[in-house]
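2 protein chains.
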Amino acid sequence: MAKPILFYFDFSSPYGYVAAQRIAPIAARHRRDVLWRPILLGAIFKSTGGRPLKEFGLKWDYSRHELARTARRHNFPFVVPQNFPFAAVAASRAFYWLEATDRGRAAPFARAVFRGAFAEGRDMSLPIAVAAAAATVGIDDAALMGALDDQLWKDRLRAETDGALAKGVFGSPFFLIDGEPFWGAEHLSEIDAWLASGGW
Amino acid sequence: MAKPILFYFDFSSPYGYVAAQRIAPIAARHRRDVLWRPILLGAIFKSTGGRPLKEFGLKWDYSRHELARTARRHNFPFVVPQNFPFAAVAASRAFYWLEATDRGRAAPFARAVFRGAFAEGRDMSLPIAVAAAAATVGIDDAALMGALDDQLWKDRLRAETDGALAKGVFGSPFFLIDGEPFWGAEHLSEIDAWLASGGW
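Protein chains in written order, with the working numbering: chain G, 1 to 200; chain R, 1 to 200.
Check before you lean on any hint, since a few could be wrong.
Copies of the same chain look alike in the list, so a pair counts if it fits in one copy or across any two.
Each computed EDC-like pair below joins lysine to aspartate or glutamate, with the alpha-carbon atoms no more than 16 Å apart [to be verified]: (1) Lys59 / Glu180; (2) Lys167 / Asp61; (3) Lys46 / Asp162; (4) Lys3 / Asp33; (5) Lys167 / Glu180.
Bear in mind the hints are in silico, worked out from the structure with no lab data behind them.
For reference, chain G alone in the conformation it holds in the complex:
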C-alpha cells in the first residue's frame, strides 16, 4: 500500500472540519490511509506572522458564507461555535494519547471533536467537552482526563507542531502526499485528481 496521506489540521479550524468531513472517501478511493495530525496553529502563527481568520473582517464574512455553502453542497452540518477560535490544546493532547494507546479510535475521536465544535457548536476548548466527545466513540473519558496533564502528551503535541512547521505547514488543513503539499479544503477535488493520475 502506498504511503499515508499526512493530514495536518487545528481542531479550531473550520476548513480543517470541512477537510475532515471529506478526506476519508477520497483516500479510500485511492487505497491510501490518512494519518491525522492535529497541530496548534497559534504556535505556528507566532513564527509565520499568520493571524486567525476571524481577525479579517470582510474575509471572515466571506468565509462564513463559503463554509455554509460548502456544507450544503457536500451535505453536512455547519455552525460557527460561540467560542471561536478556541484553544485546541486538550483535544490535541488527547488525540496523541489515544493514537499511542488505542490507535483505531484516534480518527473517530478527531471526527467527534470536530463534530462537537462545528456541527453542535460546543466549546471544545473545555476538557470536559473533549471527554464527552470521546465517550461517544467508546473512549474511557476518565482515562482521557488523566492523560491531559501528562507531560508526555504536552511534549508530543509541541513536537508535532514544530515538526509540521519544519515541513512548511503554515495553515489548516494542510496535506502532504508523498511530499507534495496541498493547502486548503478547496484543494480536495484536486487531491482526488492528483491521486487518480499520479500527479502532473
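We have chain G; now place chain R onto it with these hints.
Showing chain R alone in chain G's frame:
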C-alpha cells in the same frame, strides 16, 4: 442571456492570472459573458489590513509551488516577474479607457497584460510595457499612453476599486455571479459546477 460574471482582479495577482487563463471557457460553456474588473488590491488592503502574498514567507514558498503546479495541470506558462508585486495603475487605467472607447479589445488587452507579467516576466508597472502589450492586440499605443494621464481614468479606477470593496471584494481573483461571491482561483471548478446546477 443571463447576467455577466463579474471578475475582479489585480493585474499584479498571480492567482488573478490563473483565473484569467481559465474563466473564458467556463463562462462560455454556460453562455455567460465575463465582465473584467481590474482593481488595485493595495488600496483595498489599506481598508482591510490585508497584506501582499509575498510578505508571508512559508505561504509564498507554497504559493509559488502551487501556481507552477496549477499551470502545469492546465497547460499554460507561469513565471514570477522580477518586479513583484508591481503597481498595476497604468494597466488598470488603460483597461477602463479601452473599455469605454474600444470595448471589444478590453479583455484581449487584459490577457496581454497578464501574459506580459506572468508568462514573459516583464515589468508591467511600466507604461511602456503596457503600451507594448496593447500593441500586440491591435491597440494604438500612442493613444493609450495619452489616456494614462487623463483624470477621467484615474477617477474611474478609484471608483471601481471603491465599488468593489463596497461589494465585499477583498482579494484577487474575486467573482460575483448573480450576487454570489467566490474568492480564489481554486474555486473555478466549483464555479463551473455552480453554473451548471444553478447553485446549491
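Consistency of the hints with the structure:
1. Lys59 / Glu180: Between copies, since 14 Å is at most 16 Å while 27 Å is not.
2. Lys167 / Asp61: Intra 31 Å, inter 12 Å, cutoff 16 Å: inter-copy only.
3. Lys46 / Asp162: within (11 Å within a copy, 33 Å between copies)
4. Lys3 / Asp33: within (7 Å within a copy, 44 Å between copies)
5. Lys167 / Glu180: Classified as within; 11 Å inside a copy, 36 Å across copies.
When held up to the earlier numbered hints, the structure conflicts with none and fits them all.
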